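A.B. asks: In case you want the letters, here they are:
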Amino acid sequence: MQRIILASHGSFATGLKSAIEMIVGVDERIESYDLDHYARPSLILEKVEEKIRQNSEDNFIILTDILGGSIHNELLRLCTLPNVVIASGVNLAMAIEVVIAQDSSLTNIIENAIAESKKNMIAFDSHKLKVLLKEEGEFV
Amino acid sequence: MIEFLRIDDRLLHGQVVAKWLNFIGPDALVVANDKAANNEISRLALKMASPQGMRFAIKTVSDAIDLINNSKVENLKLFVVVKNSSDARRIVENVKEVNVVNIGGMSYKGEEGKMIVGSVFANAKDIENIKSIIPKVRELDVRVVPSSSKKDFFSCI
Chain A
1 MQRIILASHG SFATGLKSAI EMIVGVDERI ESYDLDHYAR PSLILEKVEE KIRQNSEDNF
61 IILTDILGGS IHNELLRLCT LPNVVIASGV NLAMAIEVVI AQDSSLTNII ENAIAESKKN
121 MIAFDSHKLK VLLKEEGEFV
Chain B
1 MIEFLRIDDR LLHGQVVAKW LNFIGPDALV VANDKAANNE ISRLALKMAS PQGMRFAIKT
61 VSDAIDLINN SKVENLKLFV VVKNSSDARR IVENVKEVNV VNIGGMSYKG EEGKMIVGSV
121 FANAKDIENI KSIIPKVREL DVRVVPSSSK KDFFSCI
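Protein sequence lines, in the order shown, are assigned to chains A and B. For the first sequence, the positions run 1 to 140 when the working numbering is used. For the second sequence, the positions run 1 to 157 when the working numbering is used.
Heads up, some of the hints might be wrong.
If you want a taste of the chain A side facing chain B, the calculated C-beta under 8 Å gives, among others [said to hold, decoys possible]:
1. 96
2. 102
3. 131
4. 132
Rather than coming from a laboratory, the hints here were simulated on the basis of the structure. From a predicted model like this one, the values you see are computed outputs, not experimental measurements. Where is the CB? At the ideal position from N, CA and C, for every residue including glycine.
Given only the sequences and the hints, what does the whole structure look like? Please build it.
C.D. replies: Okay, here's the thing in structure tokens:
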């Protein structure tokens with residue numbers, strides 16, 4: 001099984017989990033670890049390490065909130081394990097992409113998720129809307 | 001003909017619909033929704049959520065029915081998205097052939113709704129609509145994404 005671990009400052013991880021589940025439904029493979037709840041990044045590391053130990057036949061995709069942040073720095077070492085990959089800067093699009101992936105390669109899954117999520121970040125202003133509305137076309 | 005009619009009350013989610021489009025491989029995507037069709041910004045938002053290069057139309061439910069029945073379009077394999085079970089029923093009742101009706105998402109309906117599975121809640125009207133749809137289509141499939149397991153609607157009620 002591929003398990004998905006979300007870890008963040010504040011309560012972003014649990015919030016992100018709730019947003020994922022509103023869109024793709026409840027998924028028992030997803031777990032969230034909030035610094036609001038665990039108080040120390042090292043405690044989150046302990047909990048995740050324990051999870052990995054107890055489920056050594058599973059693969060783990062860890063998604064953290066921000067590169068260089070205390071959560072990511074603490075958990076990064078886990079990707080030395082062959083069944084673990086970790087990606088920073090998670091957003092909803094990236095997380096959904098990971099959850100709905102059907103690849104068996106962990107690296108392919110996160111690389112694809114990152115590439116897809118970049119396409120999700122688009123700025124709009126009234127000028128851009130005007131331009132896009134002009135381009136609108138339909139097939140019949 | 002309609003290869004796949006999806007009920008999703010968030011209409012298109014870029015990634016979720018992309019997964020389905022890869023899986024089903026239709027010739028074109030039609031969003032049938034009165035409100036969205038009549039608002040140019042809603043249409044634009046939906047268009048942006050649809051994959052590049054996929055033939056695409058957003059129509060009112062009536063116009064979608066006309067489009068689906070149009071002889072130029074009849075032989076295309078269509079992926080149709082609607083927001084609710086009533087629109088799905090109207091379409092099924094007015095077109096010739098529907099292969100699969102897929103229930104991907106129906107939001108919480110408050111106290112009078114029952115949870116079928118995960119992101120699917122149904123009230124009495126939904127159940128009536130779905131009962132009416134079933135004999136007219138080849139398969140009813142409750143699934144958010146292709147990799148989810150298929151759930152049986154009526155055994156979940």
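A.B. asks: Of the hints given before, which are not true for this structure?
C.D. replies: Hint 3 contradicted; others consistent.
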